[in-house]
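Chemist: Listed below, chain by chain, are the residues.
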Amino acid sequence: MMSNERKRGPVDVLLVEDSPGDVRLTQEAFRNAHASLNLHVTSDGVEAMSFLRREGEHEHAPRPNLILLDLNLPRMDGREVLAQIKQDAALKTIPVVILTTSEAETDIRKSYQLQASCYLTKPSQLEEFEHLVSSLSSFWLTKVWFTGRGGPDESQLD
Amino acid sequence: MEEIMISDVKSQLQLQPSDEHREKLSRLSLVQLELAYRKAPVGFALFDSKEFRLLSMNDNWAEMMDVPSHQVLNKTIEEIAPGLAGIVEMFEIVAQGGKIENQFIKGELPGRPGVERHWLVNYTPMFDKEGTVEAISTVSLEISAEKQLVAMGIRAHVAQTEAKYRGLLEAAPDAMIVVNQSGEIVLLNVQAEKQFGYSRDELVGQQVKNLIPEGFAERLIADGTRTAAEALAPQMGTGIELSGCRKDGSKFPIEIMLSPLESDEGILVTAAIRDISVRKRAEQHLAQTEAKYRGLLEAAPDAMVVVNKGGDIVLLNVQAEVQFGYRRDELLGQQVKNIIPEGFAERLIADGIRSATEALTQQIGTGIELYGQRKDGTEFPIEIMLSPLESVEGILTTAAIRNISVRKAAEAHLIQMEARYRGLLEAAPDAMVVVDKDGQIVLLNVQAEKQFGYLRDELIGQQVQRIIPEGFAERIIADGLRSVEDALAQEIGTGIELLGQRKDGSEFPIEIMLSPLESIKGVLVTAAIRDITTRKKAAETLLQKVDELNRSNGELEQFAYIASHDLQEPLRMVSSYTQLLAKRYKGKLGSDADEFISFAVDGASRMQRLIRDLLVYSRVGTGVYEFRSVSSEGALQQALTNLSGAISESGAIVSYEHLPVALANEMQLVQLFQNLVGNAIKYRTSAIPIINISAVRETDLHWKFSVQDNGLGIEPQHFERIFGLFQRLHKRDEFSGTGIGLAICKKIVERHGGTISVRSRLGEGSIFQFTMEGGDSQT
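Protein chains in written order, with this note's numbering: chain A, 39 to 196; chain B, 204 to 982.
It cannot be assumed that every hint is accurate.
Claimed, not checked - Subject to a maximum C-alpha distance of 20 Å in a straight line, what follows is the list of computed EDC-like cross-link-like pairs (lysine to aspartate or glutamate):
1. B:Lys786 / A:Glu165
2. B:Lys786 / A:Glu66
3. B:Lys740 / B:Asp633
4. B:Lys242 / B:Glu266
5. B:Lys789 / A:Glu166
6. B:Lys907 / B:Glu836
7. B:Lys540 / B:Asp515
8. B:Lys789 / A:Glu165
9. B:Lys739 / B:Asp750
10. B:Lys786 / A:Glu166
11. B:Lys885 / B:Asp816
12. B:Lys789 / A:Glu66
13. B:Lys309 / B:Asp404
14. B:Lys934 / B:Glu923
15. B:Lys786 / B:Asp797
16. B:Lys302 / B:Glu337
17. B:Lys706 / B:Asp734
18. A:Lys130 / A:Glu118
Calculated from the structure, these hints are not laboratory results.
With the hints as extra help, turn the sequences into a complete structure.
Modeler: Written out as structure tokens, the structure reads:
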């Protein structure tokens, strides 16, 4: 087996989050975790979709390897965004991680039904939040293989 | 008068020739004699003595016959003069050698039919040499013409009188026959012809025995021994019953009235004969009927007494004997007063005023209650039914007398019972109305008067619709379809809600309980009517409250959602960034800044806990939770796992006994144990916390759980308070907490249908106890 160490450069992550406080907090948490990534941010569902489809000002946007999606968003909420991504043949292979404050069972069930990759809630304590982002980073940004980008070893593309 | 007249005629007819004349006669030639004979002004006729055939006659005789002589010659006297009654008998007498002179006869002759004629006749036997009668000579003188001339006036009177009597005779409704002393019928009327089926001619001269075979003759003989005067004095025959015999031989019952009638022919007997077959049949029928009714009378279950207008007992049955203790003959003829001392007479008088028909149409006596008196003087209650009975003796009264002592006793008992039940009825807190099958109110209590605003009298006999306009009648009809047994078995009416209407027209809500009540008047329905205005209002208010509560609950849920997301979001920002601030700039901004930042961090944290607990609390009562059998021990273990940090930190010793299966929502049960054990650890003394959890069966269904600790304990005045929301007993710097934990416990327990309480003494620990439905204890 090839080494799992990353050889592919920074992963492109799209954060869909309307709260600037959370955006900054997330950025701070990734920094705190010494993660290497290209973090792109859209503040609502509509903009997220246009980013993913490279529409308008997002013409040159990269195809993200991972999406961090909040559920409660203005204009088009996270559930709808998730549904559209998973119905789109070009986008449905992108893993979507739900990152929200909702602990509602209906939201959890709905998200997995729409084939979210995992469901995470934002802890209220800073320390816990930092710990969450750190684990997220050490897993998704270092261990996971992505389609079109491969894993740490380019030759291992399937 | 007539007698005189006839004597005159006789004198003219003295034809006895003297001896000198006989000599002269013998000298006359036969021709001369024959001429004299032929032309004589009287009728001569000569008959043979054997068959009474006419041998010779003169012109006068032939004229009398009104027929040519050759037509009658050699004919018998019967053939020539059939209408002359008794003439043959005369001939017979003369044929024996007798001589009859001046015999007065009358009758019709065939030559002049319909005309009655009268003659005087001499019959003389003519002997041969041996002295036997060879021929009979008759000399006849018709006297009618003469009578008309001489005694026209008298005869007319006689005829008139006779016609009158004959008219009377013929007009009589009965058969009338007149019989002479030898028993021969001499006269009869048309009724007699009809009754006996003979024509008049066939009967005249016949023996009455042919018509009335027996009894009449004896009667005649008996009467014959009496003198005419004797016979005339008392009205003969006050009606004797005999048997008549018709011409065809059939017999029929007759009644005869005899009366004597003096005439020239001696005393005759007039018999008035009445056909009594119809009456006989009626009598027979009556006798049969009477027998039948007597049978009925005796078979009647009641004492039956028939009383005449004078109040005398004329008939009674065996029941009457038994009931009154008399023998039949002791009672017959007695005054009815002796057995029914009072009331009966008055009744009789009252009924006597009415005609029988009136009384019958009015159905006399539908039962009147009186007292009967036995022979021994004892009295007993009776019920009498009177009915009029028309009879030959006038209108009688039939009294059916029933001994009602048993019924009376039952009634007395009933009245007693009724009084008792009436007491109960009046004491009832509800309005009670008893209604018959037609929906009429027959009984009610004072509560009913009050509730509906009527006086008792105003409601009795009224339709129940007046106070319960709808629903009640339908109910009764529905119940009416069921048998009493069904209705009783099914316990009619388990409470139906209707509207009652007061006298003033106002309506109010009522609840009715119906139950059937068997009575002499049929099945009645007892309705217990409760005014449920207050209850209705309370229920309405309650519904309103529930509505309000639901609304506020909804608002709380809304609030919970807001708290969970929209409130938590900014709070998380405050909390996160103050913590970030503290982390990055601690010791760089001066000691004041460090202190301020720490207060901000602490406040934000507490607020987050508060909001989180409130969210838990509000969610306990909302949402649909399924209660299922869960292991309470499992739930406790889960709670202990969740509390493992606190337990190990405090060094608490937690023990539990076998805990049962509980019917619960598992998450909430875990929460409950967690809060209680958590509190036991939190509010500890300096000693090591010792905590025990146990359960005992309280009822078949319920268990009582206890969580006992050796902690601080609680003062009794706080026992209630601690279960309230945001209630804290300690300062924040002593024990952190939101004051929601026990409120959540209370809510969980109550939501499971149980109760929660605390027993404690300050400094001696506490026992929190809650009940919950459960099954068998786990093994």
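Chemist: Indicate, hint by hint, whether the structure satisfies it.
Modeler: Hints and how they fare:
Under the criterion of a C-alpha separation no larger than 20 Å, the hint pairing B:Lys786 with A:Glu165 is consistent with the structure, at around 10 Å. At most 20 Å may separate the alpha-carbon atoms for a hinted pair to count; B:Lys786 and A:Glu66 meet this at roughly 12 Å. Using a Cα cut-off of 20 Å, the hinted pair B:Lys740 and B:Asp633 holds, with the two alpha carbons roughly 18 Å apart. Annotation: proposed proximity of B:Lys242 to B:Glu266 holds, straight-line Cα distance about 11 Å (limit 20 Å).
Distance restraint check for B:Lys789 and A:Glu166: the Cα-Cα separation of roughly 19 Å lies within the 20 Å cut-off, and the hinted pair is therefore satisfied. Between the alpha carbons of B:Lys907 and B:Glu836 the distance comes to roughly 14 Å, so the proposed pair stays at or under 20 Å and holds. A threshold of 20 Å between alpha carbons decides the hint, and for B:Lys540 with B:Asp515 the separation of about 9 Å falls inside it, so the pair holds. Restraint check for B:Lys789 and A:Glu165: satisfied, since their Cα atoms lie roughly 15 Å apart, inside the 20 Å limit.
Distance restraint check for B:Lys739 and B:Asp750: the Cα-Cα separation of roughly 16 Å lies within the 20 Å cut-off, and the hinted pair is therefore satisfied. Annotation: proposed proximity of B:Lys786 to A:Glu166 holds, straight-line Cα distance about 13 Å (limit 20 Å). Restraint check for B:Lys885 and B:Asp816: satisfied, since their Cα atoms lie roughly 17 Å apart, inside the 20 Å limit. For the proposed pair B:Lys789 and A:Glu66, the alpha carbon gap of about 17 Å is at most 20 Å, so the pair holds.
For the hint pairing B:Lys309 with B:Asp404, the CA-to-CA distance comes to about 15 Å; that is within 20 Å, so the pair holds. Taking the CA atoms of B:Lys934 and B:Glu923, the gap is near 19 Å; set against the 20 Å cutoff, the hint holds. Using a Cα cut-off of 20 Å, the hinted pair B:Lys786 and B:Asp797 holds, with the two alpha carbons roughly 10 Å apart. Distance restraint check for B:Lys302 and B:Glu337: the Cα-Cα separation of roughly 14 Å lies within the 20 Å cut-off, and the hinted pair is therefore satisfied.
Proposed proximity of B:Lys706 and B:Asp734 is supported: the alpha carbons are some 15 Å apart, at most 20 Å. Under the criterion of a C-alpha separation no larger than 20 Å, the hint pairing A:Lys130 with A:Glu118 is consistent with the structure, at around 13 Å.
Of the numbered hints stated above, none is contradicted by the structure.
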